[in-house]
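J.: Here is what each chain is made of, one letter per residue.
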Amino acid sequence: MHKSGFGTTRLGNIRRLEGLMETVFALCGWASIISVVLITAYIFMAGLPPILKTGISEFILGTQWKPTAEEPKFGIFPMILASFLGMAGAAAIGVPVGLFTAILLALMAPKRLAAFLRGCIELMAGIPSVVYGFFGLTVIVPFIRINLGSPTGTSLLAMIIILSAMILPTIVSLSETALRAVPKEYMEGALALGASRIEAIFKVMIPAAGSGIMASAVLGMGRAVGETMAVIMVCGNIPRIPRSLLDTVSPMTATIAKDMSYAGPFHQAALFGIGAVLFLFIVALNMVLHVVVQRSIEGKRGSP
Amino acid sequence: MSTKRKARDLILTALIWTFSLLSAAFLLWMIIAVLSHGLSGISLDFLTDEYNLYRGKTGILPMIAGTLLLIFFTLSIALPVGVCAAIYLIEYARQGFGVRVIRLATESLAGIPSIIYGLFGYIFFKNTLRLGFSVISGALTLSIMVLPLVVRVTEEALKSVDNSYREASLALGATKLYTIFRVILPCAIPGILSAVILSMGRIIGETAAVIFTAGTVPKIPQLGRVLSSSVRTLSVHLYMVALEEADFTSAFATATLLIGIIAVLNWGARRIARRIVKR
Numbered sequence: 001m002h003k004s005g006f007g008t009t010r011l012g013n014i015r016r017l018e019g020l021m022e023t024v025f026a027l028c029g030w031a032s033i034i035s036v037v038l039i040t041a042y043i044f045m046a047g048l049p050p051i052l053k054t055g056i057s058e059f060i061l062g063t064q065w066k067p068t069a070e071e072p073k074f075g076i077f078p079m080i081l082a083s084f085l086g087m088a089g090a091a092a093i094g095v096p097v098g099l100f101t102a103i104l105l106a107l108m109a110p111k112r113l114a115a116f117l118r119g120c121i122e123l124m125a126g127i128p129s130v131v132y133g134f135f136g137l138t139v140i141v142p143f144i145r146i147n148l149g150s151p152t153g154t155s156l157l158a159m160i161i162i163l164s165a166m167i168l169p170t171i172v173s174l175s176e177t178a179l180r181a182v183p184k185e186y187m188e189g190a191l192a193l194g195a196s197r198i199e200a201i202f203k204v205m206i207p208a209a210g211s212g213i214m215a216s217a218v219l220g221m222g223r224a225v226g227e228t229m230a231v232i233m234v235c236g237n238i239p240r241i242p243r244s245l246l247d248t249v250s251p252m253t254a255t256i257a258k259d260m261s262y263a264g265p266f267h268q269a270a271l272f273g274i275g276a277v278l279f280l281f282i283v284a285l286n287m288v289l290h291v292v293v294q295r296s297i298e299g300k301r302g303s304p
Numbered sequence: 001m002s003t004k005r006k007a008r009d010l011i012l013t014a015l016i017w018t019f020s021l022l023s024a025a026f027l028l029w030m031i032i033a034v035l036s037h038g039l040s041g042i043s044l045d046f047l048t049d050e051y052n053l054y055r056g057k058t059g060i061l062p063m064i065a066g067t068l069l070l071i072f073f074t075l076s077i078a079l080p081v082g083v084c085a086a087i088y089l090i091e092y093a094r095q096g097f098g099v100r101v102i103r104l105a106t107e108s109l110a111g112i113p114s115i116i117y118g119l120f121g122y123i124f125f126k127n128t129l130r131l132g133f134s135v136i137s138g139a140l141t142l143s144i145m146v147l148p149l150v151v152r153v154t155e156e157a158l159k160s161v162d163n164s165y166r167e168a169s170l171a172l173g174a175t176k177l178y179t180i181f182r183v184i185l186p187c188a189i190p191g192i193l194s195a196v197i198l199s200m201g202r203i204i205g206e207t208a209a210v211i212f213t214a215g216t217v218p219k220i221p222q223l224g225r226v227l228s229s230s231v232r233t234l235s236v237h238l239y240m241v242a243l244e245e246a247d248f249t250s251a252f253a254t255a256t257l258l259i260g261i262i263a264v265l266n267w268g269a270r271r272i273a274r275r276i277v278k279r
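Heads up: the protein sequence lines correspond to chains A and B, in order.
UniProt numbering puts the first residue of the first sequence at 1, with every later residue one more than the last.
UniProt numbering puts the first residue of the second sequence at 1, with every later residue one more than the last.
Because the hints were derived from the structure by calculation, they are not lab data.
Ideal Cβ placement from N, Cα and C applies to all residues, glycine included.
There may be inaccurate statements among the hints.
When the alpha-carbon atoms are kept at most 30 angstroms apart in a straight line, the in silico DSSO-like pairs for lysine-lysine are as follows [to be verified]: (1) A:Lys73 x A:Lys53; (2) B:Lys176 x B:Lys159; (3) B:Lys219 x A:Lys184; (4) A:Lys203 x B:Lys159; (5) B:Lys57 x B:Lys219; (6) B:Lys6 x A:Lys111; (7) A:Lys53 x A:Lys258; (8) A:Lys184 x B:Lys159; (9) B:Lys6 x A:Lys203; (10) A:Lys111 x A:Lys203; (11) A:Lys53 x A:Lys66; (12) A:Lys111 x A:Lys184; (13) A:Lys73 x A:Lys258; (14) A:Lys184 x B:Lys6; (15) A:Lys184 x A:Lys66; (16) A:Lys258 x B:Lys176; (17) A:Lys258 x B:Lys4; (18) A:Lys111 x B:Lys57; (19) A:Lys184 x A:Lys203.
A short, non-exhaustive set of chain B residues, derived as facing chain A with CB atoms under 10 angstroms [stated by the list, open to error]: (20) Ala24; (21) Phe26; (22) Phe46; (23) Thr48; (24) Pro62; (25) Ala65; (26) Ser114; (27) Phe120; (28) Tyr122; (29) Lys176; (30) Leu198; (31) Thr207; (32) Ala242; (33) Arg270.
Listing some non-contacts, in silico: residues in chain A with all C-beta distances to chain B over 10 angstroms [what the hints assert, rightly or not]: (34) Pro49; (35) Ala181; (36) Asp247.
Go ahead and model the full structure; you've got the sequences and the hints to work with.
T.: In structure tokens:
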């Protein structure tokens, strides 16, 4: 030890320093709790008054969003619906595609191919959401406009396509982890009993990894609901109830981001109201996630 | 095997391969679509010029500077706090109610969408604390956003340090603090480095949380006012030029640059991960 180091300092000073640093570490540990409390408090402090002023049911179930009209209307039902449809559509495409990719990665692919695919998925996870949005705007949207006969191309469909791609990495990597966590004996047992490889995967491995796969789906759905910048560039930003996949929509996130730049005082407050609703949506999803994860932990404890 | 079983196996196998290739194909499609229009737009001029539409200049040096400033200040806040939090969770805290609440809070932070961070940063840092659209508002907001990532990755790194190191150090008479700073943290450095890289990726890619806190001013801040100036990051710039200016040449070039940066960061993260595994 150096002369000037810890070893030669007086014992009392050392103790004081140790105690002080432990407090510092603990405070930093509390930083996440403080942040969660602050965020929740401020979002609701800003978001609840406009909801209450408009009336809870009118705000949530109202179908007209006319914040700048002479007689302004603040009904966000079309946005809630758009967020929900985007989430459901993204899950409908993203979960099977992601799960099957995870199966290939975890159980079937040769090493080199797996490494390449994993690299692709990692890159997909890292690419900024604006880049997804920009790709959607310059490739997917024109494609839909020209080939499917939507007047602008910006549509619910474009949004679902982009969201499905964006949640893939979440679903692939978590499902792969879940599949890998299943003991090898399960697979071997099923094969020994005469199941084919595919049967063993679908009837034994997937059920065994079920809660982990569910968790990946829920997390992916959370990402889809919260996604803003990719969606804003492809959805059309007109908050109407869509009648088909080719109609323009505006989910909660996109409306907030789009309107913030020009909103007047009450309009802006209403945007925080949307934020509060979105926040509750996410909290509900997180609770589902928590239950699923908890179940998977208990399931693991129960198994031999 | 019966024909029916064989047919089902075949179909499912085909689906597995198709879907997997579809995932990779989408990425390649996106990269090719962006790079084919964007690569030609990247030049020394583009990278080193100012952005001033009145003078017809569409360089992105201010955006590079803005991105670097936000990365620097965000990490200066999130890294010490996150690493200390991880130290607390792994080395000090008794596993009980308190730790469970901290873990739950960290998990919840990771699940909050970036637009909510943007709204929070706007109303709390920009309005309530009167920090305005500025680097510091942006950095504070982003540091909360990347905190869960830093904590989680650092925790993993600390966990992976063999217990015999701790015991040996303590047995030699070192104090707990000395053990942490001189024995455990040095071993955990690759893990912490990967936390840094992952955070950088998130900061670079973030738009919604940045646009409402750091603002959109495409200028390099003056030296004395770095923290209080509004800046524009590369991602925000891509959004602005694509949607507000409809300047697709700049947009494609910026998107290309972003993909390039992320690819390099991923490559770095992989190399570090490989080094950790080797040890």
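J.: Work down the list of hints and note, for each, if the structure agrees.
T.: Now for the hints, and whether the structure bears them out:
no., hint, result
1, A:Lys73 x A:Lys53, "12 angstroms, holds"
2, B:Lys176 x B:Lys159, "16 angstroms, holds"
3, B:Lys219 x A:Lys184, "57 angstroms, violated"
4, A:Lys203 x B:Lys159, "35 angstroms, violated"
5, B:Lys57 x B:Lys219, "12 angstroms, holds"
6, B:Lys6 x A:Lys111, "26 angstroms, holds"
7, A:Lys53 x A:Lys258, "23 angstroms, holds"
8, A:Lys184 x B:Lys159, "25 angstroms, holds"
9, B:Lys6 x A:Lys203, "15 angstroms, holds"
10, A:Lys111 x A:Lys203, "24 angstroms, holds"
11, A:Lys53 x A:Lys66, "16 angstroms, holds"
12, A:Lys111 x A:Lys184, "18 angstroms, holds"
13, A:Lys73 x A:Lys258, "17 angstroms, holds"
14, A:Lys184 x B:Lys6, "24 angstroms, holds"
15, A:Lys184 x A:Lys66, "58 angstroms, violated"
16, A:Lys258 x B:Lys176, "52 angstroms, violated"
17, A:Lys258 x B:Lys4, "53 angstroms, violated"
18, A:Lys111 x B:Lys57, "48 angstroms, violated"
19, A:Lys184 x A:Lys203, "14 angstroms, holds"
20, Ala24, "5 angstroms, holds"
21, Phe26, "5 angstroms, holds"
22, Phe46, "17 angstroms, violated"
23, Thr48, "22 angstroms, violated"
24, Pro62, "17 angstroms, violated"
25, Ala65, "18 angstroms, violated"
26, Ser114, "6 angstroms, holds"
27, Phe120, "5 angstroms, holds"
28, Tyr122, "8 angstroms, holds"
29, Lys176, "6 angstroms, holds"
30, Leu198, "9 angstroms, holds"
31, Thr207, "4 angstroms, holds"
32, Ala242, "5 angstroms, holds"
33, Arg270, "8 angstroms, holds"
34, Pro49, "13 angstroms, holds"
35, Ala181, "16 angstroms, holds"
36, Asp247, "20 angstroms, holds"
The structure fails hints 3, 4, 15, 16, 17, 18, 22, 23, 24 and 25 (numbered hints given earlier, in ascending order).
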